[in-house]
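**Student:** Take a look at the letters that make up each chain.
Number of protein chains: 2
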Amino acid sequence: MNRVALVLIATVALAGAATFMASASGQDDGESAPIYGVKMPANYRDWKLIAVDNLLVAGKTDQLRAQLGNDIAVKAFKEGQIPFPDGAIIAAIHWTRVRSEDNIIVLGGPFPGAQSFVAGSSVNVQFMVKNSKKYASTGGWGFADFKGGKPGDKALHETCFPCHAPAKDRDYVFTHYAP
Amino acid sequence: MNRVALVLIATVALAGAATFMASASGQDDGESAPIYGVKMPANYRDWKLIAVDNLLVAGKTDQLRAQLGNDIAVKAFKEGQIPFPDGAIIAAIHWTRVRSEDNIIVLGGPFPGAQSFVAGSSVNVQFMVKNSKKYASTGGWGFADFKGGKPGDKALHETCFPCHAPAKDRDYVFTHYAP
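Here the protein sequences line up with chains L and A, keeping their order. Using the working numbering, read the first sequence as starting at 147 and increasing by one per residue. Using the working numbering, read the second sequence as starting at 147 and increasing by one per residue.
By construction, these hints were calculated from the structure, which means they are not laboratory data. Check the hints yourself; a few may be wrong.
Identical copies carry no separate label here, and so any pair may be met within one copy or between two of them.
[To be verified] List time: in silico DSS-like cross-link candidates among lysine-lysine, alpha-carbon distance up to 30 Å:
1. K279 - K296
2. K185 - K224
3. K221 - K296
4. K279 - K206
5. K194 - K296
Quick caveat, the model's predicted, so the values are computed rather than measured.
Work out the full structure, taking the sequences as your base and the hints as a guide.
**Tutor:** Here's what the structure looks like:
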């Protein structure tokens, strides 16, 4: 009967672990990005925050951006682990940066002259997936770029790795973990 | 012996639940903010992302900001639940917005003239804690503002609720959930 108890406990533990693994690595049924075959992880919007940034190209681009990571990626960021371990996934969410008139009215009280910009519509979402064997020829990373849930074309994805190459000494990752 | 097995399983399950609850609501041993008695939740930096924004006051303030929520808060945001349920906590992290010369060199390739700004040092971290009974006189919210882990003074905390009052129809919360 002790054996029954242990089997039951092991079953409960394994079911828990399976649930965790499914939610940690879960990929949805959407289209795969070309070259790398990466799909959008179903739950990436609930991942932990790595950092935020703002990209401006006068007259062309004005984005607020956030980088999120799955548990493996965030642990590596916190511990300064380079290279990132297999299984790490980084998501970069890019929104338009738009003025918030609501916020400006309120913030103008304590901060006269305040300008407030918030995340508007989604521009695209990019992913870096670490698999040192599968993606050995691109620094161990697979790349993907989605707009409205659809992956970009092959030509777009051919630009990913060359663009990240200058960050080779940081395992091809530009983002630093924000305090 | 079946009883032993059930007790063991129940113990494992309760230990798991206790760990979850401790990490979901866990507050650290730091100082409490005046008026509301709110402490910094120990694990807020690992909460889910609600939205990001940028506050500019010419010559004075230039911040990148992120709002994170505990599970109760994020569920309410996703479901559009107003008022927020008791137990919801929203964290607002404010960093200086600083130029990233590293990023500019790289992004200048695909985006000629690109400017890149990233999260610099921490300015302050603010919290809104929903407890409709305890904080009945301030819309059900307790407020706290920390710099370097230390709460601001009473005068600062007296400004929190009046500033949030214009958002009464959104339960005093300015932030919208980013897509």
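**Student:** Where does the structure disagree with the numbered hints, that is, which hint numbers, in rising order?
**Tutor:** 4
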